[in-house]
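Novice: Protein chains in written order, with the numbering used here: chain A, 205 to 424; chain B, 205 to 424.
Please keep in mind that the hints were generated in silico from the structure rather than gathered at the bench. Computed from a predicted structure; not experimentally measured. For each residue, glycine too, the CB sits at the ideal point set by N, CA and C. Any given hint could turn out to be false.
Stated by the list, open to error - Cβ-Cβ distance ranges computed for the label pairs, FRET-style:
hint, chain 1, residue 1, chain 2, residue 2, range
1, A, Asp265, B, Ser347, 27 to 33 Å
2, A, Pro290, B, Asp409, 40 to 46 Å
3, A, Lys413, B, Asp265, 38 to 44 Å
There are 2 protein chains.
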Amino acid sequence: MKLYSYFRSSASYRVRIALNLKGIAHDIVPVHLFKHGGEQLSQLYRTLNSDGLLPTLVADDGSGSQHVLTQSLAMIEYLDEIHPMPALLPSTPLDRAFVRSVALSIACDMHPLNNLRVLRYLVHELNVDDNAKNAWYRHWCESGLAALELTLARDKRPGKFCYGDSPTLADCCLVTQIFNAQRLKCDLSAMPTLMRIHENCQQLDAFVKAAPQNQPDAEV
Amino acid sequence: MKLYSYFRSSASYRVRIALNLKGIAHDIVPVHLFKHGGEQLSQLYRTLNSDGLLPTLVADDGSGSQHVLTQSLAMIEYLDEIHPMPALLPSTPLDRAFVRSVALSIACDMHPLNNLRVLRYLVHELNVDDNAKNAWYRHWCESGLAALELTLARDKRPGKFCYGDSPTLADCCLVTQIFNAQRLKCDLSAMPTLMRIHENCQQLDAFVKAAPQNQPDAEV
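Looking at chain A on its own, in the form it has when it is part of the complex:
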């Protein structure tokens, strides 16, 4: 498989973790979000991914045909279906819904508001200054994570990870959002459940190898 990825793209980071957890061999194809006016916006990349967003996964179906997948959560569900073990979703419908809801609360309600293209719109179209831009970032990140802390703290299902004692789709999303939150100096002091799970994830090779600083295109 080939994953078009940028080291700091958190949607790419989620899929890198899942590929590592599954032990699926893959090549990383770096796409630079800033160089050449944004390589993700190039006509070439858009033939694969018309949204011009990262990541894109190119999967070989075994017969030599290549298939292009977009949207990080759809990729991780796909990886879980074709390589069922270790499972990234629980076995019962209710528990699967719980894990998906944690992932979606990050993928729909936090991350999209802090995406590069959105921050650029704030600056270039709405003339928002740096302070207000960073306040926007922290607002959505902190309020979203605070609600997620409450959700996980009052549910019986979290263990070492968001669901039980093995990592799932939810952890793939949580770790990448905490990375963003720490980078923008969000206040995470009132989120002991999330930070405990984050720490547990950092003990696993699959998460460490997927981290931005350990990518072939990492910049200091």
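Given chain A's structure and the hints, the job is docking chain B onto it.
Specialist: Chain B alone, transformed into the frame defined by chain A:
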């Protein structure tokens, strides 16, 4: 089942369509986004849904226990797992990934940017005027739908609907986003594939009954 819903909430609208497609009996519990300072932000509602977002689904597992589900896409996957027919996802992993990616492109990359709380932040925190707010709305809606038009137009899998000739999770999301786009007078003239699918959906009772104007809490 009970669905906490607001007639114009597009995430609620997605789940209403899915419940109708499955023929699952349910009660709608209206939550008013504007009255009483936003009923979705009340302490009572937040005991069910700590994000303070709509919808929330309360499912009875048959033994009398009630289970609270959040996030519209997690709910629809759940409904598809407990009531497999008619299927809202295809049978092969690649095709499931395709349908999920269409749904996620709307649920992650379009809708969250046009959510009420985001528009309020633009107005109240960033002093954005009405014109600029509507331009923001149309920008994300039109650019997102234009990319989706391209994706669907160049793929062989769409038929009467986003995938083949039966409605799926993707159509539940598409119709609700087109509703938003039309309400904000987005330019949809260059999106023949999306509009054709949208028209086909409108021929089905499940979609008509789920529409905002046909809800118990609809306002003229």
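Novice: Confirm or reject each hint.
Specialist: Against the structure, the hints:
For A:Asp265 paired with B:Ser347, a C-beta distance near 31 Å keeps the hint of 27 to 33 Å intact. One distance hint, 40 to 46 Å for the beta-carbon pair A:Pro290 and B:Asp409, holds here, with the actual separation near 42 Å. The beta-carbon spacing between A:Lys413 and B:Asp265, approximately 39 Å, falls within the hinted interval of 38 to 44 Å.
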